[in-house]
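Undergrad: Next come the chains, spelled out residue by residue.
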Amino acid sequence: MAWTWFHRLGSPPYIYGLAARLTPWFAWLSAALLIGGLYGGLVLAPPDYQQGDDFRIMYVHVPTAWMSLMVYTTMAVAAAVGLIWRIKISHAVAASCAPIGASFTFVALVTGSLWGYRMWGTYWEWDPRLTSELILLFLYLGYMGLRSAMDDMQRADRASAVLAVVGVVNVPIIHYSVLWWNSLHQGPSVMQLAKPTMPPSMLIPLLVMLLGFTTLFAALLLVRLRAEILNRERTASWIREAVTQ
Amino acid sequence: MSEFLNMGGYAAYVWPSYGLTLGVIILNIVWARRLLAKSREDARRRLAMRGEET
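For the protein sequence lines, the chains are R and S, in the order given.
Under this note's numbering, the first residue of the first sequence is numbered 1, with each subsequent residue one higher.
Under this note's numbering, the first residue of the second sequence is numbered 1, with each subsequent residue one higher.
Fair warning: there could be bad hints in the mix.
[Stated by the list, open to error] Where chain S lies over chain R, by a calculated footprint (3+ residues, C-beta under 8 Å): (1) 57 to 69; (2) 102 to 112; (3) 115 to 125; (4) 214 to 226; (5) 232 to 242.
[As the list claims (entries may be wrong)] Some chain R residues judged to face chain S by a derived CB distance under 7 Å, without partners named: (6) Pro47; (7) Gly52; (8) Asp53; (9) Asp54.
I should point out that these hints are in silico values taken from the structure, not numbers from a laboratory.
Glycine included, C-beta positions come from ideal geometry on N, C-alpha and C.
Given only the sequences and the hints, what does the whole structure look like? Please build it.
TA: Below, the structure written as structure tokens:
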């Protein structure tokens, strides 16, 4: 009895219906949070005493960088679950993550470059943080390339899952790079155990943006997951009902 | 208003960052919706073909 919920999580028709019902909630929540966070970050937060208004790039740079790591971790965990327990839906989740993660990793790199130009005097430096984040982009692109190179869905799932799981070692490297090596990039100012090093007027809009991007990821993932399920469940009879409604 | 747009002299770095982020968010929404629409269409076509055979 206690396990029925767990089995339902592996059932494509159940997940398809659940994803369809949850998507609007995440989408509207995300829109409200992003609009609120933008207003807080661009209007309410005061200019930084050292960086002036340039620090406002933080409100798009930090959440997109967070997305790049969080989406990859989600992808790697889903891929590992798919490899170990051979749950098809896990592979569908992993495959849905990659394009979302790749696009936001690209945004994190470009916004970081724009921010760095005035603060460090250069658009790019082969610095540990910057280099490991660039490798993350290549991991995403490699994952997507590997999938699209294979016609057989099951083989593509397994091969790409191995790549995703192996590549996850890069996630802690990115996170701790600013502590382990002498990096141009500043240290953590939000994710640390001691008190955050920002006043609430700057920190709250950032936290709202982080939540806004996370819920956006949830909404995007659920829409992509439904597409993946439809592509995989080629013969299932429930699909007739799902696509004709 | 022009002071706001000027971003304390950092407009050339702040606004492209926000513009790119907004653009990629919109692209992601469009991509995801298109992918689902295409998958639904493909599934419908497969079902229709099988319907003709039987």
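Undergrad: Any hints from earlier that this structure breaks? Give me their numbers in increasing order, please.
TA: none
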